[in-house]
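Start from chain S and add chain H according to the hints.
Heads up: the protein sequence lines correspond to chains S and H, in order.
The working numbering applies: residue -5 is where the first sequence begins, and numbers increase by one.
The working numbering applies: residue 26 is where the second sequence begins, and numbers increase by one.
These are calculated hints, taken from the structure and not from any lab test.
For clarity, every value in this text was computed on a predicted model and none was experimentally measured.
The beta carbon of each residue, even a glycine, is placed where N, CA and C say it ideally should be.
No farther apart than 30 Å at their CA atoms in a straight line, the calculated lysine-lysine pairs in the DSSO-like style are these:
1. Lys418/S to Lys436/S
2. Lys419/S to Lys436/S
3. Lys95/S to Lys348/H
4. Lys339/H to Lys419/H
5. Lys418/S to Lys348/H
6. Lys339/H to Lys95/S
7. Lys348/H to Lys419/H
Covered stretches of chain S, as calculated for chain H (at least 3 residues, CB under 8 Å):
8. 21 to 29
9. 33 to 46
10. 148 to 162
Each chain is listed here by its residues.
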Amino acid sequence: MTRFRLIAAALALALLPFTTPLLAQNGPLRIDITEGVIEPLPFAVPDFISENAPGGEYAQRISRVVAADLAGTGLFREVPQEAFISQITAFTPSVDYASWKAVNAQALITGAVSATADGQLVVKFRVFDVFSDTQLGEGLQFQGTTNSWRRMAHKVADAVYSRITGEGGYFDSRVVFVSETGPKNDRRKRLAIMDYDGANIQYLTNSSSIVLAPRFSPAGERILYTSYETGFPQIYQLDVGSVSRVALPVPADSMTFAPRYAPDGQTVVFSASQGGNTDIYRLRPGGAPERLTNTPSIETGPSYAPDGSQIVFESDRSGTPQLYIMGANGGEPTRISFGAGRYGTPVWSPRGDLIAFTKQNAGRFHIGVMRTDGSEERLLTASFLDEGPTWAPNGRVLMFMRETQGAEGQSALYSVDISGRNLKKVPIDGAASDPAWSPLLK
Amino acid sequence: MKTGTSISGLGHITLIGLAVFGGVFTHRPVPPPEVANVTMISEQEFAALTRPVEGVPPTIVPPETVVEAPEVAPATEPETTPAPEPTAVPDPEPVPIPTPDPEPEAQPAPAPEPVQEPVTVPTPTPTPEVLPAPAPAPVPAPSVAEPQPSAPVSTPRPARRVASEIAPPPPPDAAPAPEPVAVAAPTPEPTPAPVETEPEAEPAAPEEATTEIVTEAETPSETAPAAPVVTAPVTSARPAPRPARPAQTAQPAVPAPEPPAPATPPRTAGSTSTASSDSVDAALREALESAARQPDAAPVVAAPSGPPLTAGEKEALRVSVQKCWNVGALSSEAMATTVVVAMAMNRDGTPDAATLRMISSSGGSDAAARQAYEAARRAIIRCGAAGFPLPAEKYGQWQNVEMSFDPSGMRLR
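One chain only, chain S, in its complex shape:
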């Protein structure tokens, strides 16, 4: 007994020194934070300052467009000007941060506008991180003409967006779409082009024949589309600058449709239907169409990866339309969609990380995204008819066509963030479908 006590006592004494370090805990307190909130970031855009009389006409309008661009993303919320307790009276590199903190403006955008009599316009702006008491980046200025004041406002908004979020903007971009007029049984369709926010609509074709599915070239200077002017679908290429168009050199005896440019801007992939079988073809400049798929099933809707190495397309070889990926030169495709329902109109994200698609399941249509291996499928919308997603230049937003039910049903353009938030209608007069987003303008 005594021996055991002694041994126990000795062990306890021997271990004692090792326990003391535990009591004296030094070093910083460490906290792991994994839950936050997702809400719009409040920002303030006081009216830009007009540095001369001609600039006064544009200062307020430009600042309003900047605010509308940012608030329209759903990532930001504008602090109303009535709440301001401080006014910006000069375009200075520092501001009264306290008074902007008081109205909870976490970002502050100030700017100045000057114009000359011959139509030159200069817009300067700064972005402030109010709660850090610092300016975000350096002040910038854009020079243009008074006629392009809206584009300059979009450029300012793009710069602000990318400074705050860290990814590229998409405001200085345009969308080509099919403008529709008339009832459903006598619909007249024209190609039209507009700013991303629905402003400045211009028509590129007349309404004498049906047009479908316009697609921008990677540089945005040309458009591929399908027209029925010869009686059956044929692919045309339209130069946006001159509005002149040419038919693609494809077999005249086959129906061709669903064209899309490769990232090089020259190669075109499309679907051609011959003898009741539809396959995917590639047309390289100066060459003849090459067949990339060869099955008795229907293959259509090809879309290149941003690096040009792969093509995603839809095929019903398994019985229902599903999404497949193959190499740029064809070969054995890999199926990536395995959910219930039918998948179609796949579009590869400009970032390369996601593929957007239309899904039809249980009588409803969805716009969704999945990773390029088919994992992490997310449905962003659900309605009577949603179809044809197209990516914003920064890969953060999708625009698509939504049609309402019934004889009075109308198609309209909607946009949605890839998180599924901020679903909203693009304000256009009249019906519209088949949107295609341009790259960011230069």
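Coordinates of chain H only, in the frame set by chain S:
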């Protein structure tokens, strides 16, 4: 046999003990002094919180200087960017009206702009920025005053908590009492009593919630009411014993915090060890004086103090930060980036904005890490403006804080 084994056993034990003690003994002397220092520091600071009242010393000196450098360098970048844009503009603008616009831009702009713009716009701006705002005010304060400000700030906090604590806790305790009475009395009476007690408890909870949610800088007053419910139990139990000792040594400044001291137990305990408390008091004074003279002394003393934070206290800090951590505007790459942010804390629970820095990041590019860090910094500054809910007597435990912001779990929401 037995004697032999017992002798050998004793011999081995003593040898082992000597070896262990001898080896560790060298290290031992260090811990005891540290412990003593810890207690001393916390008491002093806690007791003499109010003495030196100086403005909050957020010294932005380091960041600003950093900012200046980038600004100057970037100046060249903005120049280059505007130049390409004008040239490019003509291309996109085709059929539509805009076509005429871009062309004028491109032709005149490219050559003159790059040269003029940098010189005129950016250069003037950086210089004013640097000089006026940051440099003058913050610089002097930080270097000298760091230890002092922390002490004064803490005083207001304990006062609020104490005041709030006293009032609210009693009512709930009293409520249970009526119930036994009700048993003796007719049944109808008891029911009304509980009803009364419940409303009291309810109002208290909402107040907390509101104050916590608001948490903006505007509502320091609101934080006081919030304290009663959550923080009340913790602070009341622990501050009481410690303030008691300084009181005996007779420190005038203490009176305000001491009111909670009415709890007699601590005093009696202190009376038994009067001699030790005197010596402790003398040491405390020395430490205080030295701390006031030398800023360096403060960190050394304060580094280890008080018991570690409880899980609940850590949770309170975590919750108070994450309710301001807005990841809604982060890029998807930044949403996959984890950043670790370190900061020094003032005694009033507010972060020292000048010490905020990113220690490490993982999962994304430098640009994504910077965005993620800025979001984390905004969260800390916004929600820390009114002070985080941290127990003042454990200041040594949270004097330096490292927060890891991991948004990966929120990506798909």
